[in-house]
Amino acid sequence: MKRLLPFSATAALLAVWFLAAHRQVSGLFPDPLQVLNGLLELLKRGLLAKYVVASLFRVTWGYLLAVVTAIPLGLLLGWYRRGESALNPFLQLLRPISPLAWIPISILWFGVGDVAAIFLIFLAAFLPLTVAAMNAVRNVPPTLLRAGRNFGLSNLRLLVDVILPATLPQLIVALRISLGVAWLVVVAAEMIAVNSGLGFLIVDARNAGNRYDLVVAGMVMIGLIGLVLDLGMRQLERMKALRWGYGS
Amino acid sequence: MTPSPKVNIRSLSMLFPTDGSVIEVLSSIDLEVEDGELVCILGPSGCGKSTLLNVVGGFLKASAGTVLIDGQEVAGPDPRRIFVFQERGVFPWLTVEGNVGFGLFRLDARERAERIAHYVKLVGLSGFENAYPQELSGGMKQRLEVARALAVNPDVLFLDEPFGALDSITRLIMRSELLRIRRAEKKTVLFVTHDIDESVQLADRVVVMSTRPATIRRIVDIDMPHPRDLSAPRYIELRDLLLEEIGLAHKI
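Protein chains in written order, with the working numbering: chain A, 1 to 248; chain B, 1 to 252.
Just to be clear, a hint being listed does not mean it is correct.
Stated by the list, open to error - Every beta carbon over 10 Å from chain B, so not counted as near; a handful from chain A, in silico:
hint : residue
1    : S8
2    : K44
3    : L48
4    : P96
5    : I103
6    : R146
7    : N150
8    : V162
9    : A166
10   : L168
11   : R206
12   : Q235
As the list claims (entries may be wrong) - Now the stretches of chain B that chain A is said to cover, found in silico as 3 or more residues with beta-carbon under 8 Å:
hint : region
13   : 89 to 100
14   : 169 to 176
If you are wondering where the hints come from, they were derived from the structure by calculation, not from laboratory data. Cβ coordinates follow ideal geometry from the N, Cα and C atoms, glycine included.
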């Protein structure tokens with residue numbers, strides 16, 4: 001019974017959507033069936049696969065660049081407290097600035113195109129990851145660091161063999177959250193900086209003749225892919241070498 | 001020529017600055033520990049005995065005085081001398097095998113595997129090689145930490161109230177386990193405790209500390225062979241002597 005609940009609730013909401021769409025005056029807002037047809041149309045024209053790949057391509061590069069730079073930087077800043085006190089005010093100042101505020105500067109530096117979008121995604125993931133890694137190092141229990149030192153570990157080995165695994169549970173949570181943010185930002189970036197991808201699809205469908213069925217179809221795809229990405233990251237948290245970090 | 005002591009602590013003092021004033025935690029401690037000896041450092045909670053162990057272990061720098069081990073001044077932590085914490089020191093992301101092998105990164109794979117197998121067996125964790133610490137009981141985690149320490153073949157073990165977090169039955173079992181392991185691997189052991197019975201059961205000598213600033217009040221030889229009879233007149237005599245030395249009444 002409990003398992004059926006989400007399904008019946010979704011069905012009910014779809015029904016409400018359907019009824020509401022048919023009672024509107026303008027007739028522009030699509031019902032669920034029109035959206036489904038819109039998705040099929042995009043699929044047949046080959047646009048769906050093309051746009052999904054374009055969006056995922058940008059997210060992958062922007063996000064990976066952020067991961068490989070932010071995590072080592074954050075761990076080092078957390079480790080060398082002086083670095084942290086030097087850079088932290090600057091990082092905290094940048095953090096409340098929405099990545100979208102960088103769109104004009106991104107276009108100024110990189111022109112309209114993939115690089116501008118990738119840069120925005122990089123920014124969106126880089127700052128929260130750096131700060132999370134920095135804080136995670138501070139939370140490593142001192143007994144574990146001392147145990148590591150006692151066995152004669154060099155600083156580099158201590159970082160790799162103790163600090164990294166000790167911070168990994170917190171890092172995974174930060175990775176999951178920042179991937180979600182990256183996915184939010186790619187859509188916005190594509191609305192302005194490029195002419196492909198799911199974000200572009202939404203703007204383009206509206207501009208090219210108020211095709212709101214395609215607008216909503218694009219939104220549905222964004223939601224589905226975001227959900228799949230999040231579920232994938234959640235699987236990581238189940239690993240045995242990590243589970244200790246999430247309570248019992 | 002008499003052999004020099006394994007651990008030689010000379011007029012060691014420790015001062016901690018705390019908002020404005022300075023607190024003296026250790027005051028001119030002199031102590032010699034022979035090779036292979038098990039010495040318990042007994043004192044009331046917060047007297048500074050853990051601080052003493054941390055200085056000897058190289059994790060804290062003394063304000064004055066010196067600590068010599070094998071005639072050399074202690075400059076920092078060293079894999080020849082391993083510190084065992086209350087079970088919290090095991091690495092939660094590593095299995096039992098991973099923890100025991102942690103300090104063996106300089107050995108080749110075969111030798112490493114042999115050592116791991118040997119020490120897992122020695123501390124009675126056979127069958128749990130692939131278990132993670134969160135799947136082990138408190139006593140098992142403590143055995144694991146001891147195995148990890150012994151695996152690197154240190155000369156000296158520092159144990160800081162290692163059984164303090166265990167229930168009283170497990171604590172008794174762990175003490176006899178420690179004595180059994182010590183028969184197999186003769187190490188110099190410095191054991192900090194606030195438990196009088198624990199010190200009489202384990203130690204060759206008990207160093208009784210005063211309250212802060214900690215000084216050595218008295219050093220008591222525990223002249224009883226192992227296994228020790230916990231209801232023998234000599235046991236009770238020694239226990240009462242320590243009770244009195246710490247300043248506690250015999251009745252409750």
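Here is how each hint holds up against the structure:
1. S8: The claim holds: A:S8 sits with its nearest Cβ about 38 Å from chain B, beyond 10 Å.
2. K44: The claim stands: A:K44 keeps its Cβ more than 10 Å from every Cβ of chain B (closest is about 49 Å).
3. L48: A:L48 is indeed farther than 10 Å from all Cβ atoms of chain B, at 41 Å.
4. P96: Given that every Cβ of chain B is farther than 10 Å from that of A:P96, nearest at about 33 Å, it holds.
5. I103: 40 Å, holds
6. R146: 6 Å, violated
7. N150: 5 Å, violated
8. V162: 7 Å, violated
9. A166: At roughly 7 Å from the nearest Cβ of chain B, A:A166 sits no farther out than 10 Å, so the non-interface label is violated.
10. L168: Contrary to the label, A:L168 does not stay out of reach of chain B, its closest Cβ about 7 Å off (not over 10 Å).
11. R206: About 49 Å separates A:R206 from the closest Cβ of chain B, which puts it past 10 Å; holds.
12. Q235: 17 Å, holds
13. 89 to 100: n = 5 at 8 Å, threshold three: holds.
14. 169 to 176: violated (count 0)
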